[in-house]
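Colleague: When you get a sec, could you build the whole thing from the sequences and use the hints?
Quick note, the sequences are listed as chains A, B and C, same order.
Under my numbering, think of the first position of the first sequence as 1, with each following residue one higher.
Under my numbering, think of the first position of the second sequence as 325, with each following residue one higher.
Under my numbering, think of the first position of the third sequence as 649, with each following residue one higher.
No farther apart than 27 Å at their CA atoms in a straight line, the calculated lysine-lysine pairs in the DSS-like style are these: (1) Lys-42(A) <-> Lys-86(A); (2) Lys-734(C) <-> Lys-920(C); (3) Lys-233(A) <-> Lys-623(B); (4) Lys-299(A) <-> Lys-881(C); (5) Lys-564(B) <-> Lys-888(C).
Note that these hints are calculated values from the structure, not bench results.
Just so it is clear, the structure is predicted and the values come from calculations on it, not from any experiment.
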Amino acid sequence: MFFLKSLNHVNKLSNSIKNVISVRYYRPRRALMYVPGDSSRKLTKAFNLDVDCIAMDCEDGVAMNKKDEARETIRNILNHEKVIVKRDFDRAVRVNCIGSGLCEEDLKALLTAKFLPDTVLLPKVESVEHIQWFAEKVNALIKGNGNVDFVIFIENPIGLINSHQICRAAVDLAQTGKFTPSSIVFGSDDFCAALGATRSEDGVELLYARQKTVLIAKAFNLQAIDRVHIEFKDLIGLRKYCEQGARMGYTGKQVIHPDQVPIVQEAFLPSKTQFEWATGLLTAFNEYQKKGAGAFVYKGAMIDKPTMKQAQNIVDVYESTKNA
Amino acid sequence: MFFLKSLNHVNKLSNSIKNVISVRYYRPRRALMYVPGDSSRKLTKAFNLDVDCIAMDCEDGVAMNKKDEARETIRNILNHEKVIVKRDFDRAVRVNCIGSGLCEEDLKALLTAKFLPDTVLLPKVESVEHIQWFAEKVNALIKGNGNVDFVIFIENPIGLINSHQICRAAVDLAQTGKFTPSSIVFGSDDFCAALGATRSEDGVELLYARQKTVLIAKAFNLQAIDRVHIEFKDLIGLRKYCEQGARMGYTGKQVIHPDQVPIVQEAFLPSKTQFEWATGLLTAFNEYQKKGAGAFVYKGAMIDKPTMKQAQNIVDVYESTKNA
Amino acid sequence: MFFLKSLNHVNKLSNSIKNVISVRYYRPRRALMYVPGDSSRKLTKAFNLDVDCIAMDCEDGVAMNKKDEARETIRNILNHEKVIVKRDFDRAVRVNCIGSGLCEEDLKALLTAKFLPDTVLLPKVESVEHIQWFAEKVNALIKGNGNVDFVIFIENPIGLINSHQICRAAVDLAQTGKFTPSSIVFGSDDFCAALGATRSEDGVELLYARQKTVLIAKAFNLQAIDRVHIEFKDLIGLRKYCEQGARMGYTGKQVIHPDQVPIVQEAFLPSKTQFEWATGLLTAFNEYQKKGAGAFVYKGAMIDKPTMKQAQNIVDVYESTKNA
Chain A
1 MFFLKSLNHV NKLSNSIKNV ISVRYYRPRR ALMYVPGDSS RKLTKAFNLD VDCIAMDCED
61 GVAMNKKDEA RETIRNILNH EKVIVKRDFD RAVRVNCIGS GLCEEDLKAL LTAKFLPDTV
121 LLPKVESVEH IQWFAEKVNA LIKGNGNVDF VIFIENPIGL INSHQICRAA VDLAQTGKFT
181 PSSIVFGSDD FCAALGATRS EDGVELLYAR QKTVLIAKAF NLQAIDRVHI EFKDLIGLRK
241 YCEQGARMGY TGKQVIHPDQ VPIVQEAFLP SKTQFEWATG LLTAFNEYQK KGAGAFVYKG
301 AMIDKPTMKQ AQNIVDVYES TKNA
Chain B
325 MFFLKSLNHV NKLSNSIKNV ISVRYYRPRR ALMYVPGDSS RKLTKAFNLD VDCIAMDCED
385 GVAMNKKDEA RETIRNILNH EKVIVKRDFD RAVRVNCIGS GLCEEDLKAL LTAKFLPDTV
445 LLPKVESVEH IQWFAEKVNA LIKGNGNVDF VIFIENPIGL INSHQICRAA VDLAQTGKFT
505 PSSIVFGSDD FCAALGATRS EDGVELLYAR QKTVLIAKAF NLQAIDRVHI EFKDLIGLRK
565 YCEQGARMGY TGKQVIHPDQ VPIVQEAFLP SKTQFEWATG LLTAFNEYQK KGAGAFVYKG
625 AMIDKPTMKQ AQNIVDVYES TKNA
Chain C
649 MFFLKSLNHV NKLSNSIKNV ISVRYYRPRR ALMYVPGDSS RKLTKAFNLD VDCIAMDCED
709 GVAMNKKDEA RETIRNILNH EKVIVKRDFD RAVRVNCIGS GLCEEDLKAL LTAKFLPDTV
769 LLPKVESVEH IQWFAEKVNA LIKGNGNVDF VIFIENPIGL INSHQICRAA VDLAQTGKFT
829 PSSIVFGSDD FCAALGATRS EDGVELLYAR QKTVLIAKAF NLQAIDRVHI EFKDLIGLRK
889 YCEQGARMGY TGKQVIHPDQ VPIVQEAFLP SKTQFEWATG LLTAFNEYQK KGAGAFVYKG
949 AMIDKPTMKQ AQNIVDVYES TKNA
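Modeller: Here's what the structure looks like:
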């Protein structure tokens, strides 16, 4: 509730910007928490948490002989309107990867429920063909003006190598499609397995992959969501790795346990300085718009569309969460 | 001898897999040891070592005025059947790079001997054109059904930049060619020189290059062979750098001295845990095959062809070496 | 003055090489110092320093309402012949980025002065189209046989992603153009902002970007110029970061304060060992040329054009600066 109020405040502030750069409603995903789709009990519990994004899982968290149960359970949830207990959240679904042969059935079950999920998470994306396949299915299944956020998982070497083309295709096909590319998730466990790498304490063996993932994400104006911290009882380590990821430009982290949520969401909250920079920029732009056209400079920097959206995102995350 | 026995065991275990994914005989290359091709004495000594791969060198280890002598010496060796003293090994040759103008003569001398080398190592690959040139020569020189393993060296910035296309071309041309892409070698000394970089203790200045090399290798299902440790008397440092490379996903290392061999081969031997995971997966797949078709899941992960081959490789390396 | 003398010495030494690989006059850019283009006082002061490259700035160092003043001030300077107080230096100009809409006016003012600037620095290059645009304008504005050095700034994710194609286009278009690609500058502040990254003490969050930048630069035989050290009073830190950059292959650094210049120029001076390697190589090549054609080997390494140019650069930097 507070969320909507504060968002209205932001909307007022930056209305003219939205006209110019058509910023969509921003969904923060500081913590993206996986919950097994076949467990009503765990799902219900999750909806009562203060968490940005709940990923109702059909994939790795669900055994092969429970896939149908997961689809049915999630579909049942999507047949009811989202109930906001603490504050609004991203009601997302993670389908199985395209290579599994299970993805189409997942999409059929989940995109034809009474309410669309806010977001579809697609694991193990490897190629432009995967994106084309996804676009075709989603566009056929969603009725009318429906639109879902789309989160791309990069989880193996070939996916990372093709990530530029993958994002390019996603952004291009979204122009006329019923989905909106919104984030890249870096899936480090599958990635390590495919690489034959071993995770060390400082994670130096994944620096290339993690930094390339952020780079591609930001080049396409997407959120970048960092790897899981598997040792879910190690909350001190968790905070450290959150900060490390945030320094690289990640804006959120995958989470596998409720205890991880508050630490992650605190670590990925924009700082007061960032918030002030962003509101300052948006206000200045408003002033500027009144005066005329041309290049727009703020604190010595030429401001372009991505910077505007970045500023808007900071304000949105900050506002949407500080009063939660 | 033990090698062949244990391989038969593996073959029995995973026969049905081989039918499906046509895994070739696996040549471990934990240690890839260079021996100057013009030195009969050093070559003979090397054949008596317990070493995975002996690279009979025509390139950097041979002075310009000894190139002919190297070709003749190696050709003479290849005119005799491989004698296995300790256990089977990779009888490889490193030719001169294409840019040197010496490569064609090397290939003519070495690929028309009575027995083919197991493997041809091609240094300083820079472009798709290099691969096309190599394919053409090799296909013309090798008679009948002969086939050699092919190891690609990435040793300079332009080679690394083009590495994706280089591997793509190698894999594609191998479909109808008489060579099988099998490894990428990262040549750090030439690389550092071309970059104007200086090797530091922790090697941080090469992280990008080394990690990109592993990434490309694994995306194309190739082995990744790490840089030389020049200070050949520093065996403690050697072990440390082996472990660092293995953590990144490297499966072997270039070696310039016999003393380095046992340490390297020990460090790149798959662990018992990895071996058990791999045999478990292969057994499960066998069971699975009996029951029917569809996606195959093992320990919660969807198993694809590369993972199968990775498992097979682990078993092969482990089995081929533990009884040596 | 010393500069010209020592360069003649080099010219004598390596005349035959120049015929073969057409090495241009080498402009060292160990320190590339920004000076606001609208400040005659600061510019005059800078010309009295012993500094490799003075970047007369129209971009970030100049307020929006001072752009005309900057253009006029710099044009006025370019209407007079370069006065060498200490030694020759690179009289460079940094124009505004193409996306700003200000670049064309900058180029018109600065490339039609009585004397050409030695070098044009183009910030925030993002695409091949930027290079094409630049080539078209420069070729139209420069009269006769004039030619400027061209420095490309990589300052955001999309620019880094496209850096390979950007350099390819620059090198190709320069064949028939009035500019010579000469360096890549890594602009870390804009880069960090676009990435949403935070600069840490050890800079680990920028390793991918910095190392990829060097890689691309060296693949195209360009200088690589490292990021600014913002804390200009921290001269100990400055030296450390210079050394770190030099180890990665950077050959110079951006500078924002005169106090930074001597430390930077000292740190990026080639070592005596490097100098001896380089002169040795050039002398050997001279000898070799007299004897005949074919591959040229020096200290066991096959010598190619880029290595020759690298050696020449080392000699030029060393000679041009040691007597300054």
